[in-house]
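**Student:** Letter by letter, the chains look like this.
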Amino acid sequence: MNAINNAAGFLARADTLSTPVWAASTRAAGRAALATYGLPTRRAEAFKYTDLAPVTQAAFGAEGQALALPALPAMRGHARLVFVDGVLRGDLSNLPPRPLSDAAGLLGSLAHATQPLAAMNAALFEDGLFLDVPAGEDAGLIELVSVVTGAMGPIAFHPRHVLRLGQGARLTLLDTSDGVAGLGYLHNPVFEISLGEGAEMAHVRIQREGRAAFHLSSVHTAIAARATYDNFTLNAGGRLARNEIHASLDGPHAMCHMNGAQLVGDGQHADTTTDLHHAAPDCGSRQTYKTVLAGRSRGVFQGKILVSRAAQRTDGYQMNQALLLSETSEMDSKPQLEIYADDVKCSHGATVGALDAAQLFYLRSRGIPQEQARSMLVEAFLTEAVDGVGDDACRTALSEAVAGWWVGERSTAPLAGRA
Amino acid sequence: MVAVTETIEAVQSVAEGGYKWGFETDIEMEFAPKGLNEDIVRFISAKKNEPAWLLEWRLKAFAHWKTMVEPEWPAVNYPKIDYQDAYYYAAPKYKVAPKSLDEVDPELLRTYAKLGIPLREQAILAGVEGAGDSPAEGRMPIAVDAVFDSVSVSTSYKERLAKDGIIFCPISEAVQEHPELVRQYLGSVVPPGDNYFAALNSAVFTDGSFVYIPKGVKCPMELSTYFRINAKSTGQFERTLIIADAGSKVSYLEGCTAPMRDENQLHAAVVELVLMDDATIKYSTVQNWYPGDAEGRGGIYNFVTKRAACRGARSKVSWTQVETGSAITWKYPSCILLGDDSVGEFYSVAITNNRQQADTGTKMWHIGARTKSTIVSKGISAGRGQNTYRGLVKISPKAVGARNFTQCDSLLIGDECGAHTVPYIENRCMTAKVEHEATTSRIAEDQLFYCRQRGLTQEEAVGLIVNGFCREVLKELPMEFAVEAQKLLAISLEGSVG
Chain A
22 MNAINNAAGF
32 LARADTLSTP
42 VWAASTRAAG
52 RAALATYGLP
62 TRRAEAFKYT
72 DLAPVTQAAF
82 GAEGQALALP
92 ALPAMRGHAR
102 LVFVDGVLRG
112 DLSNLPPRPL
122 SDAAGLLGSL
132 AHATQPLAAM
142 NAALFEDGLF
152 LDVPAGEDAG
162 LIELVSVVTG
172 AMGPIAFHPR
182 HVLRLGQGAR
192 LTLLDTSDGV
202 AGLGYLHNPV
212 FEISLGEGAE
222 MAHVRIQREG
232 RAAFHLSSVH
242 TAIAARATYD
252 NFTLNAGGRL
262 ARNEIHASLD
272 GPHAMCHMNG
282 AQLVGDGQHA
292 DTTTDLHHAA
302 PDCGSRQTYK
312 TVLAGRSRGV
322 FQGKILVSRA
332 AQRTDGYQMN
342 QALLLSETSE
352 MDSKPQLEIY
362 ADDVKCSHGA
372 TVGALDAAQL
382 FYLRSRGIPQ
392 EQARSMLVEA
402 FLTEAVDGVG
412 DDACRTALSE
422 AVAGWWVGER
432 STAPLAGRA
Chain B
10 MVAVTETIEA
20 VQSVAEGGYK
30 WGFETDIEME
40 FAPKGLNEDI
50 VRFISAKKNE
60 PAWLLEWRLK
70 AFAHWKTMVE
80 PEWPAVNYPK
90 IDYQDAYYYA
100 APKYKVAPKS
110 LDEVDPELLR
120 TYAKLGIPLR
130 EQAILAGVEG
140 AGDSPAEGRM
150 PIAVDAVFDS
160 VSVSTSYKER
170 LAKDGIIFCP
180 ISEAVQEHPE
190 LVRQYLGSVV
200 PPGDNYFAAL
210 NSAVFTDGSF
220 VYIPKGVKCP
230 MELSTYFRIN
240 AKSTGQFERT
250 LIIADAGSKV
260 SYLEGCTAPM
270 RDENQLHAAV
280 VELVLMDDAT
290 IKYSTVQNWY
300 PGDAEGRGGI
310 YNFVTKRAAC
320 RGARSKVSWT
330 QVETGSAITW
340 KYPSCILLGD
350 DSVGEFYSVA
360 ITNNRQQADT
370 GTKMWHIGAR
380 TKSTIVSKGI
390 SAGRGQNTYR
400 GLVKISPKAV
410 GARNFTQCDS
420 LLIGDECGAH
430 TVPYIENRCM
440 TAKVEHEATT
450 SRIAEDQLFY
460 CRQRGLTQEE
470 AVGLIVNGFC
480 REVLKELPME
490 FAVEAQKLLA
500 ISLEGSVG
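Protein chains in written order, with the numbering used here: chain A, 22 to 440; chain B, 10 to 507.
FYI, nobody ran anything at the bench for these hints, they're computed from the structure. Given the structure is predicted, the values throughout are model-derived calculations rather than measurements. Don't take each hint at face value.
[Unchecked claim] Chain A is faced by these chain B residues, among others (derived, beta-carbon under 8 Å): (1) I422; (2) G423; (3) D424.
Every residue gets a Cβ at the ideal spot worked out from N, C-alpha and C, and that includes glycine.
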């Protein structure tokens, strides 16, 4: 036993929570894992590049309802669910969700306590939503909005969201995390998503927490035959942000897209970790991640593709590219293939570097000033990532978020230019 | 001869395709008792008549080793090694170096003959005086330092090399004759406490090669060492140290075969390369140790630490390896690119068939400005083999304008094998550029069909396609090795397609 468990603060908080019967086994498993192993240190391979010490050393106050409401992001669709400080606010939402207790059979079935972030969430979740799209129905665009008031000081909240799409059902989920500047709160959402045969889900996530916040999120998705899961995550906020996506292609001809962009400014650490399991034959997967680093910052990409022996005729592709804009930024990439089937086509690529000198020269030779030329190239790099998002409303939201970050970055930390 | 006959029978009965080089030579060995403790370390040191500082160094390494734990992170599985159940010193019984062929044990000569070591004359290998002064026409001369079990039996071409001031000798001899060089560089690239197996090697290494190329000298011939594990249950702990002084150039070949075994054998070698300004070292390996039978019993454990330090500006090191043997290969030839504009290269072919496991790759650590590295790795998995590429490319903030290109390709033959790629890329320099790409695929049906249609058998077709897949690496090998390597690829994959 460790002398001091680095998750002691979280465990103490967990002891104060009451647990309904339907959540008991999930809670117990998470708490046991947290009590036994604590939160991972950098000695754990999966956290080699991301140090959770700032999270384990921080003190988070008790949660509670604040009176003052922050501004909510612009409405993109017709239906939205709003969480304030991790608590669902029916008065701000226009969609009656089903209570989490209805998800009893699904809860804890995809996000296991062996995953440290899921274990922490299981030990501490107090709210969340259960979204159930019946077979054959198209739920359209639903927004999931998370905002923070800051009125209660730095708090930690761990919402658990469970989604189930029946056979042939469709859903576009726009999931936005916003926060307040200068507040060291922790947002630790966990998604469990089950897609029935032929279901289609687009999951667009905009992570735009305050620059002092911690954002540790994980998505666990099971994809049945002929179903498609399409995730795009913009990882832009937070002092320390980690975005984990675990997906399993469980039936033939299932498809998974994982794309995203990381915008990492001065003082930020952003980590995207994907873990994709091809468990059935004839499935495909595509991953493209782009990272832009400025100021003193660190970006991490870890991407694993596991192909089981049964997953013959797998077609997997993964690409991650990073652009270093400053002398003090660092990018760590670990793409990984683990393949046990022989009839597969799997490839991954990774590039890390500065802006292309030849492209800069091309623009400058046509009379475009250095700063503007650099700016154009960065925007082009990011636009490429966002352009793949199919839903117009989501793409607009993403483009605005990217542009917002880029404008802020250029004004606060002018690029130390070197061609 | 009894042992030979028995072993040949064992080979035939145990191995399916048969291990071509599987035989055992019946030469009397002088053993230290089994087990590993301070007395064994002292025994080895005394046997080698080593100076006090080296014994001190060994003992320190041993003390450190005892505090370490065996690494478990490689993707390999094997039963726990009992380090107390092995011999750490075994040497052919020679009192003095032979003066003529008559003095050489005929068993040893027969071993070499069966191995097919590219020695033009047995006499040269056995170190018979006067032999091998004039190299055969039209062929690059090769100097061979044959390591027979743990002691270098003979060193040829010594005089020829001495003319240029090149030192090429067993490391135990270098300890006696060039202690200042050994003391300065031994452990300077791979410190005794570097990792579990390097620490073990530092404590009990018995022999290996030592090469020193003086300033401005281009070594007139390829240097070559043939390792061969021979006695039952003796681990091989080779220690190789190559120093290329400013402006020098050398190509070094290392090839390995081993006899049939039932017990697993541990091999934990350490290779250190030091390069000064403008120096070039090309280090080529063909590794064909006994891989175990079809069920994976009895193969060699090959846990090797190889590292090159490019200390000088514009120095260049090139590792080329063809790994077809061993039950387990755990090996990451690395380059520390310290000097500005230094270059590191890694070309690798690793084959795993039956129950073989390989976890191999490289580390390229860019420290100097404008340093460059290239990694080309080809992994082939067949049968129930597991093949992992694990590599690190690390760019320090000062490595302005550094450049890396990595390509890892895996080929799968059969649906019970595995191919894995685990690259780590750590870039802390804005102006550096790192590119990595990896692919995994199997032999295309249309390629096979094309070959079969033209009259090739299935195995010939696979051999041809695999050789094509590995061409980028094989072409980096010196001529003699390239031919041997191509044959090895085909032999290693025998029985994997049906």
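**Student:** Does each hint fit the structure? Answer for all of them.
**Tutor:** Now for the hints, and whether the structure bears them out:
| no. | hint | in the structure |
| --- | --- | --- |
| 1 | I422 | holds, 7 Å |
| 2 | G423 | holds, 6 Å |
| 3 | D424 | holds, 5 Å |
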